[in-house]
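Undergrad: These protein sequences, in sequence, are chains A and B.
Its first residue numbered 16, the first sequence is counted upward by one per residue in my numbering.
Its first residue numbered 21, the second sequence is counted upward by one per residue in my numbering.
Honestly, the hints are just simulated from the structure, not real lab data.
Take the hints with a grain of salt, since some may be wrong.
[Said to hold, decoys possible] Facing chain A, according to a computed beta carbon distance under 10 Å, are these residues of chain B, among others:
(1) S47
(2) D66
(3) E69
(4) Q70
(5) C357
[To be verified] With a cut-off of at most 20 Å between alpha-carbon atoms, the simulated EDC-like pairs for lysine to aspartate or glutamate come out as follows:
(6) K261/B - E316/B
(7) K17/A - D36/B
(8) K97/B - D31/A
(9) K35/B - D327/B
[Claimed, not checked] Label pairs and their in silico Cβ distance ranges:
(10) Y197/B - S32/A: 37 to 47 Å
(11) D56/A - H265/B: 21 to 31 Å
(12) R224/B - D56/A: 22 to 32 Å
(13) D56/A - E194/B: 42 to 52 Å
(14) W150/B - S32/A: 39 to 49 Å
(15) N53/B - D56/A: 15 to 25 Å
(16) D56/A - K337/B: 19 to 29 Å
(17) S311/B - Q59/A: 22 to 32 Å
(18) S32/A - E290/B: 41 to 51 Å
Even glycine gets a Cβ: it sits at the ideal position worked out from N, Cα and C.
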Amino acid sequence: MKHIRTIKKGNLQEVDSKGCRECQTSCQSACKTSCTVGNQDCRQSDEKAE
Amino acid sequence: MNNIRCEDIHMFKYKDMQMVYDVNSSSLHEVDNLGWDLIGLMQNGDDREQISTLLSRKYHYDQVEEALLEVRELREKKLLFSPVPKLDKGKLSSVGIKALCLFISHNCNLGCSYCFTRREEEKTLSHMSWEVGKKAVDFLLEYEGGYYREMDFFGGEPLLNFPLIRRIVEYAREKSYQKKKEFNFTLTTNASLLQDEIIDFLNRENINVVLSLDGRPQIHDLMRSFKNGNGSYHKTVENIKKLLHSRENKNYYIRGTFTRNNLDFYEDIEHILGLGFDSLSLEPVVTNEGSLSLREEDLHVVERQYDRLVDLYLERKEKGNPFLFYHFILDMEKGPCLYKRLSGCGAGMDYLAVAADGSLYPCHQFVGMDEFYMGNITDQQVSVKREIGERIDGAAWQREECPACWARYLCGRGCAASSYFQGGDLCSTYKLGCDLQKMRLERALYLQAV
Chain A
16 MKHIRTIKKG
26 NLQEVDSKGC
36 RECQTSCQSA
46 CKTSCTVGNQ
56 DCRQSDEKAE
Chain B
21 MNNIRCEDIH
31 MFKYKDMQMV
41 YDVNSSSLHE
51 VDNLGWDLIG
61 LMQNGDDREQ
71 ISTLLSRKYH
81 YDQVEEALLE
91 VRELREKKLL
101 FSPVPKLDKG
111 KLSSVGIKAL
121 CLFISHNCNL
131 GCSYCFTRRE
141 EEKTLSHMSW
151 EVGKKAVDFL
161 LEYEGGYYRE
171 MDFFGGEPLL
181 NFPLIRRIVE
191 YAREKSYQKK
201 KEFNFTLTTN
211 ASLLQDEIID
221 FLNRENINVV
231 LSLDGRPQIH
241 DLMRSFKNGN
251 GSYHKTVENI
261 KKLLHSRENK
271 NYYIRGTFTR
281 NNLDFYEDIE
291 HILGLGFDSL
301 SLEPVVTNEG
311 SLSLREEDLH
321 VVERQYDRLV
331 DLYLERKEKG
341 NPFLFYHFIL
351 DMEKGPCLYK
361 RLSGCGAGMD
371 YLAVAADGSL
381 YPCHQFVGMD
391 EFYMGNITDQ
401 QVSVKREIGE
411 RIDGAAWQRE
421 ECPACWARYL
431 CGRGCAASSY
441 FQGGDLCSTY
451 KLGCDLQKMR
461 LERALYLQAV
């Protein structure tokens, strides 16, 4: 494409197989005073997860 | 091109780049001038014919058609002007409590000026007992679903009660093995009490550490002094170095705070990096103490610090010496799903804080507040007042500004405690916090592009 360069294809349209809630709870990580989730990992690919 | 909602697209310029963030897919695009003008007009709701006419005054007709085709293609792929995702609302409700923040001790050997746990410290100075710690493990394992459990050792200073941490970890490892679950532990500490025996234990048990260090000695010591008034900088840095050396600089975050005293906090980040610590988070203070709290008029100074940080981030990356800044990390392609983004930190729902006496609260910032008391973990039949968690969760959906905010899927719907303490009630928006969040997010998005 000449006028629009896609930098990242986001994953938010994929909802069907998601929502397992195995990911880390935000406040258990570094911030403790501000909620940020964009920087968390998705653990769904982890084979240990149910 | 109907049904375009302006709140679903965020267009911003940073340095020499023009970027378009598609909110509903979380996709990011860089556009040229024509793309910028075109998407801007579409966002305003102009129809195709109007847009084509308007743009043909400035650009060649063929180019306009070309750009329109590009937009159409991206729209079909749901990467631009993508629709609002259809959610299964059942998946948004709490599945069970899987994370606890334990106040291993409400005592602290430091007396930091901005500490939000002082409120509880003033009421009860105490260590958590084994009875409470053991019940916390059992409580987390009562929930049958999922695989992972999380526990954060917090305080006060948790290492003042280190024997309890060791006992809890040993017990949790044994019990979780039986139940086919896995515990992940985090220790949040001021680092001043880290001794070899403790370090060995933390490494052996693979415990993540969040280490409090604010930056330059004069800044750190101004805020973080021992009870006798002496600064804690030297002891803190000495111990952090020892710990990180022993774990090959892995599994840690330096977590600092900046206040009105160091609006030039870029200097503190540079100082921390200069010490060899390359995984860090420097958070804006959350306090009502007027001399420390950030104000609207400080934002431009703070913004300048984040800009300098972006430059440094890129410079060090290019030299093969990168560092992690917590708020610049974004995984847009394999990061958290929409359900996670909308359930946020899970305070009062998936995540609770446990005070030393076993009292339960929605999160560590509400500990000690009767209004948010959710029960006691030592009761024979623990009855958790889930309605308090639901009140917090429900309030997040009632914040007026959020549905139209471009950052609504990136911020975790904000921090309930910030809304309550800074904004006045759970349904309010802590505007300054949101402004800072968006400031950091635009830079994090930019860093995805370069």
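Undergrad: Given the hint of 19 to 29 Å, is the C-beta distance from D56/A to K337/B inside that range or not?
TA: For D56/A and K337/B the Cβ distance comes to about 20 Å; the hint holds.
Undergrad: Does E69/B hold up as a contact with chain A if the rule is Cβ-Cβ below 10 Å?
TA: violated, 19 Å
Undergrad: Go through the hint on Q70/B and say holds or violated, using the shortest Cβ distance to chain A against 10 Å.
TA: violated, 19 Å
Undergrad: Hint check: K97/B vs D31/A, CA-CA at most 20 Å. Holds or violated?
TA: holds, 17 Å
Undergrad: Verify the proposed pairing of K261/B with E316/B, using a straight-line Cα cut of 20 Å.
TA: Violated, because 36 Å separates the two Cα atoms, which is more than 20 Å.
Undergrad: Taking 15 to 25 Å as the hint, is the beta-carbon distance of N53/B and D56/A inside that range?
TA: violated, 37 Å
Undergrad: Given the hint of 42 to 52 Å, check if D56/A and E194/B actually sit that far apart at their C-beta atoms.
TA: violated, 27 Å
Undergrad: Quick one: are D56/A and H265/B within 21 to 31 Å, going by C-beta?
TA: With Cβ atoms ~26 Å apart, the hint holds.
Undergrad: Next item in the hint list is C357/B. Is there a CB on chain A closer than 10 Å to its CB?
TA: holds, 3 Å
Undergrad: Going straight from one Cα to the other, do K17/A and D36/B come out at no more than 20 Å?
TA: holds, 17 Å
Undergrad: May I ask you to test the hint 22 to 32 Å on the CB atoms belonging to S311/B and Q59/A?
TA: Since S311/B and Q59/A have Cβ atoms about 46 Å apart, the given range 22 to 32 Å is violated.
Undergrad: Taking the beta carbons of S32/A and E290/B, is their distance inside 41 to 51 Å?
TA: Holds, since S32/A and E290/B (Cβ atoms, about 43 Å apart) stay within the stated range.
Violated hints, in rising order: 2, 3, 4, 6, 10, 13, 15, 17; the structure is consistent with all others.
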